[in-house]
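Going line by line, the protein sequences match chains A and B. Mapping to my numbering: the first sequence position 56 is 131, numbers consecutive. Mapping to my numbering: the second sequence position 9 is -6, numbers consecutive.
Quick caveat, the hints were computed from the structure, so don't treat them as lab data. One thing to keep in mind: the hints can contain errors.
[Unchecked claim] Subject to a maximum C-alpha distance of 20 Å in a straight line, what follows is the list of computed EDC-like cross-link-like pairs (lysine to aspartate or glutamate):
| no. | chain 1 | residue 1 | chain 2 | residue 2 |
| --- | --- | --- | --- | --- |
| 1 | A | Lys146 | A | Glu128 |
| 2 | A | Lys132 | B | Glu23 |
| 3 | A | Lys132 | A | Glu105 |
| 4 | B | Lys21 | A | Asp113 |
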Amino acid sequence: EAQVTQNPRYLITVTGKKLTVTCSQNMNHEYMSWYRQDPGLGLRQIYYSMNVEVTDKGDVPEGYKVSRKEKRNFPLILESPSPNQTSLYFCASSDMGTDTQYFGPGTRLTVL
Amino acid sequence: GEDVEQSLFLSVREGDSSVINCTYTDSSSTYLYWYKQEPGAGLQLLTYIFSNMDMKQDQRLTVLLNKKDKHLSLRIADTQTGDSAIYFCAESGGSYIPTFGRGTSLIVHP
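For reference, chain A alone in the conformation it holds in the complex:
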């Protein structure tokens, strides 16, 4: 089954404690991206990746890092989380040719 998976689905952590949210897709997609969703602000893109070892900043990259060492995986790293990073995070992937994005189920992060 074609899918995008994210782990964990829920995470409560404290300020400053490094965390990683994993994202994996099994569709051999070149393009992957991370979004955060906040009430009234909709979806905002954090980082995206056009292919392995190619990443670029989206609209709200501050406080986040990503890596793309393999085509299927695109982890989101918060080196020193802060409360304003409390949000719902979505990973997505797409085939560059069609543009249709497939979304993961979301990770709800709370930073205390």
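Based on these hints, arrange chain B on the given structure of chain A.
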């Protein structure tokens, strides 16, 4: 940057038609999308339209595109309580990087 605007809320009675509107600014948009997000779930692609089309119909869904006015709409016929969700409009041009609207919460009441 490019912008996609949509109203935040829409309330309809069960059985009526719902029309969710969206405007965008990118004149080079190639694809325009509607995504649905049910409570507690991720986004699912509902339908999409190429920029050279005016209309696309898929069962209860009708997408209308007015490229001159950069206006996209999603009509849901015979709206059901299961249609209650947040609907996101999105557009992408040659950069393959989509821009999303803030989402419209559709509330269907009996």
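Here is what the structure says about each hint:
The suggested pairing of Lys146/A with Glu128/A holds, with an alpha-carbon distance near 9 Å, which does not exceed 20 Å. Between the alpha carbons of Lys132/A and Glu23/B the distance comes to roughly 28 Å, so the proposed pair goes past 20 Å and is violated. Note on Lys132/A and Glu105/A: the hinted pairing holds, with a Cα-Cα distance of about 16 Å set against a maximum of 20 Å. With a CA separation close to 16 Å, the supplied pair Lys21/B and Asp113/A stays within the 20 Å bound.
Violated hint: 2 only; the structure is consistent with all others.
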